[in-house]
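Could you put the whole structure together from the sequences, leaning on the hints where they help?
If you read the sequences in order, they're chains A and B.
So for the first sequence, our numbering puts the first residue at 1; every next one is plus one.
So for the second sequence, our numbering puts the first residue at 1; every next one is plus one.
None of these hints come from the bench; they were simulated from the model.
All C-beta atoms in this analysis are idealised placements derived from N, C-alpha and C, irrespective of residue type, glycine included.
It is possible that some hints are incorrect.
Rough simulated footprint, nothing fancy, chain A against chain B, three-plus residues with beta-carbon under 8 Å [said to hold, decoys possible]:
no.	segment
1	25–33
2	49–59
3	63–75
4	96–102
5	118–130
6	135–149
Calculated lysine-lysine pairs in the DSS-like style (CA-CA distance at most 27 Å, straight line) [said to hold, decoys possible]:
no.	chain 1	residue 1	chain 2	residue 2
7	B	Lys166	A	Lys177
8	B	Lys166	A	Lys124
9	B	Lys132	A	Lys34
10	B	Lys30	A	Lys30
11	A	Lys174	B	Lys166
12	B	Lys223	B	Lys4
13	B	Lys132	B	Lys177
14	B	Lys132	B	Lys166
15	A	Lys179	A	Lys247
16	A	Lys254	A	Lys223
17	B	Lys146	A	Lys124
18	A	Lys166	A	Lys179
19	B	Lys124	A	Lys146
20	B	Lys223	A	Lys179
21	A	Lys179	A	Lys13
22	B	Lys132	A	Lys146
23	A	Lys177	A	Lys30
Number of protein chains: 2
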Amino acid sequence: MSFKIRMAEVSRKRQTNIVLALDFPFQNPKEREKLLARAQSILDLASPHICAVKINHHLTLPLGIFDGVQILVNQARQAGLLTIMDGKVNDIGATNQTIAEYYYEAGFDALIVNPFIGWEEGLKPIFEVAGKHGRGIILLTYMSHKGAVEGYGQTVIDGENRLEVKQYLVFAHKALKYKADGVVVGATAPDKIREVYQILGSTVPIYSPGIGAQGGEISAATKAGASYLIVGREIVQAPDAAGVAEKFKLSARKTT
Amino acid sequence: MSFKIRMAEVSRKRQTNIVLALDFPFQNPKEREKLLARAQSILDLASPHICAVKINHHLTLPLGIFDGVQILVNQARQAGLLTIMDGKVNDIGATNQTIAEYYYEAGFDALIVNPFIGWEEGLKPIFEVAGKHGRGIILLTYMSHKGAVEGYGQTVIDGENRLEVKQYLVFAHKALKYKADGVVVGATAPDKIREVYQILGSTVPIYSPGIGAQGGEISAATKAGASYLIVGREIVQAPDAAGVAEKFKLSARKTT
Chain A
1 MSFKIRMAEV SRKRQTNIVL ALDFPFQNPK EREKLLARAQ SILDLASPHI CAVKINHHLT
61 LPLGIFDGVQ ILVNQARQAG LLTIMDGKVN DIGATNQTIA EYYYEAGFDA LIVNPFIGWE
121 EGLKPIFEVA GKHGRGIILL TYMSHKGAVE GYGQTVIDGE NRLEVKQYLV FAHKALKYKA
181 DGVVVGATAP DKIREVYQIL GSTVPIYSPG IGAQGGEISA ATKAGASYLI VGREIVQAPD
241 AAGVAEKFKL SARKTT
Chain B
1 MSFKIRMAEV SRKRQTNIVL ALDFPFQNPK EREKLLARAQ SILDLASPHI CAVKINHHLT
61 LPLGIFDGVQ ILVNQARQAG LLTIMDGKVN DIGATNQTIA EYYYEAGFDA LIVNPFIGWE
121 EGLKPIFEVA GKHGRGIILL TYMSHKGAVE GYGQTVIDGE NRLEVKQYLV FAHKALKYKA
181 DGVVVGATAP DKIREVYQIL GSTVPIYSPG IGAQGGEISA ATKAGASYLI VGREIVQAPD
241 AAGVAEKFKL SARKTT
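Put into C-alpha cells, the structure is as follows:
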C-alpha cells in the first residue's frame, strides 16, 4: 500500500488531518536527554489529535536518527501514527540515495525532497529507494517563509515552447508526472494552494505548513485544497499541547 | 578572520587546494563504529595533502553530529584542517537558524547552503548566526549531477527589467551581494565555472566538486577559475588513499 493511501486511511480512521511538526529551538546538546523527554511528552499529548508526525533537523541534529529520533519514530508507530522526515533532500544522486536509505532504515514512512535537483541523478535515485522499501516521497512546491518568493515564486522559462511559468507550478507538474505521494505548499499562500490544486486535484495531496505561528489559517488552506495541515510551534510551545492539538483537529474538521 | 581568509591561509601554508569529501555509501547503522574508524583512517591518510574536509549526510546520519562526527571534526582541527558541513541547507527561517546553530556548535568552520530559499527568513538568519559565531557560508551555484540542468541550469526572469538569465548566474550575483565565503560549481561544468568566475573574480572563491568519479577534471576546473577542488570517492575508495590524495594535490599544483 502506498504512503499516499496509508495517510488517507490513517487520517480517515483517526478523523484528523493534522500533522504535528515536532520542532524545537536550539538546545545545548549536553541537555539532549531533556530535549528527547520533552519531544516524547509533546508527541504523547498530541497523538490522539494527529494522523502523522513530521520530524526535521531540529531533532535529528541534536539527537541523531539512530538514537533519540528512532525512539520517537517507534513511539509514533506504536501510537498508530505515520512518520515523515522533513529532510528537504537536495543533493547529487549517490548522496540522495544514501540519505534516503538511512532515513527509511530509521523507520520513516515518507521523506520530503526538493524537486529543484531535477530528475537524473537527483530525484530518480530517491524514487528508486522509496519504491524498493515501499515508502513515500513528498515534494516541496511552495514554502511558507517570505523568501520563498525568490525561488519557488520566480518565473522560469519552461519546456520546448519556452513558456513563462511560475516555478511552483513546474514543481506541481513534476509531482504529478513522478507520482509523488504529496506536495508541500505553505498555508501562508492559500492562492498558491488553489493554483497547485487545480493541477493536482485529488491525485497528489497537498500538505500545508505554516499554520498558526507563521500566519497561515486552517480554513483558508483547506478551502484552497490542502488535504493535510502541518502545525508545529502552536502545539509544541503551548502550555496545553493536547488541548491546542484538539482545537486544531476540530477546527480542521469543520472546514473539511 | 573570515572563513574565506582562513581557507586561503591554510591552503597557502599547506600548499594544497584539495578538499576531501569524506563520503561513504550506506552502512548498516549497527556497524557504525566500523564506519567511524574507517573515516578516521581515511582522514588521517589524506590529511597531509588536503586543506579542508567536507562532511555530508553520508556521515552525519549514521554517526550523529555530536557523536561520531564531532570526533572527526576535532581530528581535522588537530591536523590543522578546516571543516565544511555540506548540509545544503534549504528550510524556513527558524529552522535554518537552528540548523546553523547546531552545525557551528559541533565545530564546523563553514556551512553549505542553497540560495534557492531566498533572503528573508531564508538565508538572512543563517548569515546572522554565521556572523555571530565568526563562521563561513558557502552557497550552491551549480551542482555536478546531470539533473542540475533542470534547476540550477534553468532560465529565469530576473529583476525589474525582467531579463532572461540563467539561474546559476542569479545565484552567483547573490553570493557577491551577500558576501558569501565561497560558491559551489561542479567540475563537470567548467564552462559554468568560467561564467561564474567572470562575476565573482577573486572576491568569492569557487569550490568545485565532481573531480574524478563524476568525470570532472582538475586542469579544466582550475583553468576556468576554481580555487578549491573537492575530491571524494576517488580518495575515499582508493586502496592507497594517501597516494591518491597526494597525486591530486600535485596535479592541482601544476595547473594553479
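Hints versus structure:
1. With 4 residues bearing a CB less than 8 Å from a CB of chain A, the segment 25–33 of chain B meets the requirement of three and the coverage assertion stands.
2. Coverage of the segment 49–59 of chain B by chain A holds in this model, with 3 residues showing a Cβ closer than 8 Å to a Cβ of that chain against a need of three.
3. As drawn, the segment 63–75 of chain B meets chain A at 5 residues by the rule of a beta-carbon pair under 8 Å; at three or more, the given contact holds.
4. With 5 residues bearing a CB less than 8 Å from a CB of chain A, the segment 96–102 of chain B meets the requirement of three and the coverage assertion stands.
5. For the segment 118–130 of chain B, the proposed coverage by chain A is satisfied: 7 residues have a C-beta within less than 8 Å of a C-beta in that chain, meeting the threshold of three.
6. Figure legend: the segment 135–149 of chain B, annotated as covered by chain A; annotation consistent (7 residues with Cβ-Cβ distances under 8 Å, at least 3 required).
7. For the suggested pair Lys166(B) and Lys177(A), the alpha carbons sit about 25 Å apart, so the restraint of at most 27 Å is met.
8. Under the criterion of a C-alpha separation no larger than 27 Å, the hint pairing Lys166(B) with Lys124(A) is consistent with the structure, at around 24 Å.
9. Taken as a hint, the Lys132(B) and Lys34(A) pair is honoured in the structure, with Cα atoms around 26 Å apart against an allowance of 27 Å.
10. For a cut-off of 27 Å, the pair hint linking Lys30(B) to Lys30(A) stands: about 23 Å separates their Cα positions.
11. Straight-line distance between C-alpha atoms of Lys174(A) and Lys166(B) comes to about 20 Å, which keeps the hinted pair within the 27 Å bound.
12. Our distance criterion of 27 Å between C-alpha atoms is met by Lys223(B) and Lys4(B), whose separation comes to about 20 Å.
13. For the proposed pair Lys132(B) and Lys177(B), the alpha carbon gap of about 19 Å is at most 27 Å, so the pair holds.
14. For the hint linking Lys132(B) to Lys166(B), the alpha-carbon distance of about 33 Å lies beyond 27 Å, and the restraint is violated.
15. Straight-line distance between C-alpha atoms of Lys179(A) and Lys247(A) comes to about 33 Å, which puts the hinted pair past the 27 Å bound.
16. This hinted pair checks out: Lys254(A) and Lys223(A) have alpha carbons roughly 11 Å apart, not beyond 27 Å.
17. Distance hint between Lys146(B) and Lys124(A) is fulfilled; the C-alpha atoms sit about 11 Å from each other, no more than 27 Å.
18. For the hint linking Lys166(A) to Lys179(A), the alpha-carbon distance of about 20 Å falls within 27 Å, and the restraint holds.
19. Between Lys124(B) and Lys146(A), the direct Cα distance comes to roughly 11 Å. Compliance with the 27 Å bound is thereby established for this hinted pair.
20. A threshold of 27 Å between alpha carbons decides the hint, and for Lys223(B) with Lys179(A) the separation of about 42 Å lies outside it, so the pair is violated.
21. For the hint pairing Lys179(A) with Lys13(A), the CA-to-CA distance comes to about 24 Å; that is within 27 Å, so the pair holds.
22. Annotation: proposed proximity of Lys132(B) to Lys146(A) holds, straight-line Cα distance about 23 Å (limit 27 Å).
23. Of the pairs offered as hints, the one joining Lys177(A) and Lys30(A) is violated, with about 45 Å between alpha carbons and a cut-off of 27 Å exceeded.
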